[in-house]
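Asker: In the order they appear, the protein sequences are chains A and B. Anchor point for the first sequence: position 8 equals 501 in this note's numbering, and the numbering is continuous, going up by one each time. Anchor point for the second sequence: position 15 equals 23 in this note's numbering, and the numbering is continuous, going up by one each time.
FYI, nobody ran anything at the bench for these hints, they're computed from the structure. Since the model is a prediction, treat every value here as computed from it, not as a measurement. By construction, the Cβ of each residue, glycine as well, lies at the ideal position given by its N, Cα and C atoms. It is possible that some hints are incorrect.
One-sided and incomplete, this derived list gives chain A residues near chain B with beta-carbon spacing under 10 Å [as the list claims (entries may be wrong)]:
no., residue
1, Trp533
2, Glu537
3, Asn625
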Amino acid sequence: MENYNSFTLEGNVAVHTRLLDAPRELVWEVWTNPMHIKEWWGPEGFSLTTHAMNVEPGDVWDFVMHGMGNDWNNRIEYTEVVKPSLLSYKHSGDAGEDYNFNVTVTFENMDGKTLLTMRSEFKSREIIEELNQKVNAFEAGKQTLAKLAQYLGQLTK
Amino acid sequence: METRRDVFQAIADPTRRAILGLLALQAMTPGAIAAKFDSSRQTVSKHIQILTECQMVTQEQKGREIYYHFNPKKLKEVADWVSQYQRFWNQKFDSLENYLVKIQKKKK
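Excised from the complex, chain A in its bound form (with noise of 0.2 Å):
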């Protein structure tokens, strides 16, 4: 059988699939409804404020999610939209213009279930390896500050 559950990193470019047990009209209702979207884009224990959704071709959908004792404001502008079938965005955070990416979602209709595949162009490979350092970094960081603590609980003991 074919994966349709796939990840795969080539280049500066990020491809996910997913095949979903439901019809794609339903897939892109639910990725361009403001209602909906809330109810399944935020991180595990993020909720979502939309405050403006209008998916039209240089239009945009702001967003923040609230999570982890922080707000964060996120910005996508629709580039290309094609009912049922295509969605293009850029995608904009609070991170500066050099992590901004743009993303591609296309929704094909394989005997009633949806096959999503959702392609993510980062601007170069170098970003993506600089931002791997750097959760690189911050995990050790984290793994460094947990030995301490371990220490210092020995310490007093």
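Mind docking chain B on chain A? Use the hints.
Answerer: Structure of chain B alone, referenced to chain A:
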């Protein structure tokens, strides 16, 4: 639902983490690994299979025996941003999947 095999799934289970801990010290045969656990040999071999599918361990044929080696490269991936991005979207797609099931049930 199809099971997805990734590094995060591999390390989510305490037995699998224990197996990785053993293999990090030395390469072992399936029999030697199973002997370290109370669980049945079948259960342990299922865990080894999952670890192999996620490439957390590699196999090496030595004569008649198969030896399992720990693959540290794969574990490092857990800390990579790319893996986090992958996991982030896998979770979103899981939640999208669940939501689609929920609203389609309501309609029926």
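Asker: Now look at each hint and say whether the structure bears it out.
Answerer: Consistency of the hints with the structure:
At its closest, the beta carbon of A/Trp533 sits 4 Å from a beta carbon of chain B; the interface hint therefore holds under the 10 Å criterion. For A/Glu537, the interface hint holds, the least distance from its beta-carbon to any beta-carbon of chain B being 7 Å, beneath 10 Å. Here the hint on A/Asn625 is kept, as its CB sits about 5 Å from the closest CB of chain B, short of 10 Å.
Of the numbered hints stated above, none is contradicted by the structure.
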